[in-house]
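Colleague: Residue strings, one per chain:
Protein chains: 2
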Amino acid sequence: MQVSILTIGDEILIGQVIDTNSAWMGQQLNRIGMQVGRVISVGDTLDAIHRGLEMALEGAGAVLITGGLGPTKDDITKKALADFFGVELVFHEPTFQRIGLILEKFNRPVTEAHRLQAFLPANAQVLPNKMGTAPGMWMEWGTQTLISMPGVPFEMKYLMEYEVLPKLQAKYPGTPIGHRTLLTVGEGESTIAARLSTWEDELPDGLKLAYLPSLGQVRLRLTGIGPNAEALNALLDQKVRELASFVTDCLYGTESDQLETAIGRMLKARNLHLATAESCTGGYISHLITSISGSSAYFTGGVIAYSNQIKTEQLGVQEETLNQFGAVSEQTVREMVSGILARFPAHIALAISGIAGPDGGTPQKPVGTIWIAVGDKHRIQAEQLHAGKDRIKNIQFSSVMALNKLRKFILEYYPLPGSELEVG
Amino acid sequence: MQVSILTIGDEILIGQVIDTNSAWMGQQLNRIGMQVGRVISVGDTLDAIHRGLEMALEGAGAVLITGGLGPTKDDITKKALADFFGVELVFHEPTFQRIGLILEKFNRPVTEAHRLQAFLPANAQVLPNKMGTAPGMWMEWGTQTLISMPGVPFEMKYLMEYEVLPKLQAKYPGTPIGHRTLLTVGEGESTIAARLSTWEDELPDGLKLAYLPSLGQVRLRLTGIGPNAEALNALLDQKVRELASFVTDCLYGTESDQLETAIGRMLKARNLHLATAESCTGGYISHLITSISGSSAYFTGGVIAYSNQIKTEQLGVQEETLNQFGAVSEQTVREMVSGILARFPAHIALAISGIAGPDGGTPQKPVGTIWIAVGDKHRIQAEQLHAGKDRIKNIQFSSVMALNKLRKFILEYYPLPGSELEVG
Chain A
1 MQVSILTIGD
11 EILIGQVIDT
21 NSAWMGQQLN
31 RIGMQVGRVI
41 SVGDTLDAIH
51 RGLEMALEGA
61 GAVLITGGLG
71 PTKDDITKKA
81 LADFFGVELV
91 FHEPTFQRIG
101 LILEKFNRPV
111 TEAHRLQAFL
121 PANAQVLPNK
131 MGTAPGMWME
141 WGTQTLISMP
151 GVPFEMKYLM
161 EYEVLPKLQA
171 KYPGTPIGHR
181 TLLTVGEGES
191 TIAARLSTWE
201 DELPDGLKLA
211 YLPSLGQVRL
221 RLTGIGPNAE
231 ALNALLDQKV
241 RELASFVTDC
251 LYGTESDQLE
261 TAIGRMLKAR
271 NLHLATAESC
281 TGGYISHLIT
291 SISGSSAYFT
301 GGVIAYSNQI
311 KTEQLGVQEE
321 TLNQFGAVSE
331 QTVREMVSGI
341 LARFPAHIAL
351 AISGIAGPDG
361 GTPQKPVGTI
371 WIAVGDKHRI
381 QAEQLHAGKD
391 RIKNIQFSSV
401 MALNKLRKFI
411 LEYYPLPGSE
421 LEVG
Chain B
1 MQVSILTIGD
11 EILIGQVIDT
21 NSAWMGQQLN
31 RIGMQVGRVI
41 SVGDTLDAIH
51 RGLEMALEGA
61 GAVLITGGLG
71 PTKDDITKKA
81 LADFFGVELV
91 FHEPTFQRIG
101 LILEKFNRPV
111 TEAHRLQAFL
121 PANAQVLPNK
131 MGTAPGMWME
141 WGTQTLISMP
151 GVPFEMKYLM
161 EYEVLPKLQA
171 KYPGTPIGHR
181 TLLTVGEGES
191 TIAARLSTWE
201 DELPDGLKLA
211 YLPSLGQVRL
221 RLTGIGPNAE
231 ALNALLDQKV
241 RELASFVTDC
251 LYGTESDQLE
261 TAIGRMLKAR
271 NLHLATAESC
281 TGGYISHLIT
291 SISGSSAYFT
301 GGVIAYSNQI
311 KTEQLGVQEE
321 TLNQFGAVSE
331 QTVREMVSGI
341 LARFPAHIAL
351 AISGIAGPDG
361 GTPQKPVGTI
371 WIAVGDKHRI
381 QAEQLHAGKD
391 RIKNIQFSSV
401 MALNKLRKFI
411 LEYYPLPGSE
421 LEVG
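Protein chains in written order, with this note's numbering: chain A, 1 to 424; chain B, 1 to 424.
So here's chain A without its partners, still in its complex pose (with noise of 0.2 Å):
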């Protein structure tokens, strides 16, 4: 079933607040087979509530509606719903007693702006809302359902679980439909698109393949639909495998994963530890790395070496070096794996020097111009990168990059028996 989400609030439209309650309703409803279709904000008038209900209603099994139901002025969501219906607003006894329940373990006042919060359009069905003042509301019309709910995220969170979804659930068993998510780094989004070519256009009716990009990462989203969620989950296994098989080289993860994660999990499983010796990005590796929660177990730290004194006095970098190649070099990037290695206590190490601009360019090593180096004891492997102008794009740019070739490394050189990684 096709289900409409309006949401009131002026907060909303001049971008105060960022709504968030969407997309977790979008998420909720897609688990129990129902899709949304459209999402409306609105802003507090009645006009504009008037005309967001019917736009929301077009094509829409269920019209979910959140905020507008606070004590204060601005809150006008009920009578908007009372005139589109053509009903009154009627006070409802066990609303109010509910809300003043509420304030006395709050120690507050019953003022007569709570009195009002217990008059509801004649026509609603009361879902009580354990985690506020503000009641949730089930109201028909002809086929369709509208629901209310208080746009305060853990109320409307509360309503969802316990009222609106096991309803709606009864109310319209739903088609089924599924999601599998691959997260690739390193290849852009069209290199990927024209690997997968002629198989998205063999893909069976029901199923859609989405490309998600972001700076140096792209997320392949297989979504299907069918009227058997037994039959459609085997088929979408069978067909995130298959997708798997076109970017093996770049799959780092599945789902929600993230790429500083799924390095914590390669190093963690071979018991590495890993040392950074940072330039260009000024401990941004090392801040992806350390966001990971437990990731003292397989990084110990690391050296942000912004200047070339510090690259030689505490990494060890030969002056000549830089006289003669620069702090931009794949010599400079290599003497810092090796000097993060002698002077930490670390199996691998990465380093990585570049011009992050806007300035620092010449014609030879134009802004973007960035080395990096992964190694071990054993042996070190550099490359050079070429980004934008874009400062703080080049930093996070190439901060991906290298966690990429981080990761190339220990899989080439610290290979596992078995797959790395569950998909389907």
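SDA-like, lysine to any residue: derived pairs with alpha carbons at most 25 Å apart:
#, chain 1, residue 1, chain 2, residue 2
1, B, LYS393, A, ILE18
2, A, LYS208, B, PHE119
3, B, LYS389, A, SER296
4, A, LYS208, B, PHE84
5, B, LYS389, B, PRO213
6, A, LYS365, A, GLN384
7, B, LYS79, A, GLY59
8, A, LYS171, A, GLN144
9, B, LYS79, A, GLY206
10, A, LYS389, B, TRP24
11, B, LYS389, A, ARG265
12, A, LYS393, B, ILE102
13, B, LYS73, A, LEU215
14, B, LYS389, A, GLU155
15, A, LYS393, B, SER291
16, A, LYS239, B, VAL17
17, A, LYS377, B, GLU313
These are computed hints drawn from the structure, not numbers from a lab.
Place chain B on chain A using the hints.
Modeller: Positioned in the frame of chain A, the structure of chain B alone reads:
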């Protein structure tokens, strides 16, 4: 003028991606006196986009469209727009040339998919996108304007700032609106609100103060609207100077300034060099500092001491100190400051050690216990923070607090004649 936003992409509807673009766009439009009346999100089908366009156009002078412009098969926004306008998709040679140059820079091949990206609706005027291959498009439809941009946030933001907002302002001049923003660090929203209460109540009509809190920081935005731009600006300048007088202790910048930029300015003005010794923040403080262009003028580097061995071997922290007081202690961060100052060419150093969580806490030192220290060769100041249970938030919050401690240290021991900051 009323503007609608239309967001295209299944990933929004299934909740895989949270729509942060619309909030950002709403903020920017407000700043030039335009209001968002409706935000609509639809999926990647021709029918859904077609109906979405109709709904978005209703009552709006302009519609801003994001998403569905990539090189892959699920990206059908251009086809939908061409169908909607009843025009053909035509090959646009300059766009193809621009795509070729971008791919060349990243050493990627030009594929058939990229050629398809250069086919645009015949009525579209191209808005050049310097951040990626998908072009922005400006299309007139009677008195209304439709603008299509990629959904990738930094590409959309680039196009908004350099192309869309200036062109919208030129086409639809609005009622003067003005904003002044002050940036504070280290005091909570309610503490600041209490100081401002009387002054805020007496603000003249047409002026409004908004509190925009983030981790450790509060932005104070004064917004004014009035018929005369000159009078409005003079009033805003006067009021923002009054506002600044209430928050001198925690005020570090104005408008789109950043704490790390302000600190960079302060260090540079005094010709001071900084070094860092980070444990629990794992490089995040150094990343913040080096995210600012030109930071190599005042930041020499640092050590990420994620293990105790690094703290003793690379920073000279005494083993007794670690044994007696632990790695998360005042004594340890003080020795980290002296250690890094002894080894790195810097006048001032910042050190941090704490339990970022979610594991590793004890009854004496629960998760969120963090010590920070700042010092030079004459003195070291240390301070304990009590943060929360969330790892990422703890890293970000303690980094902001450490930078604030550095800011106060510089102001106290390295005062400059005159005012640090121009307000109004």
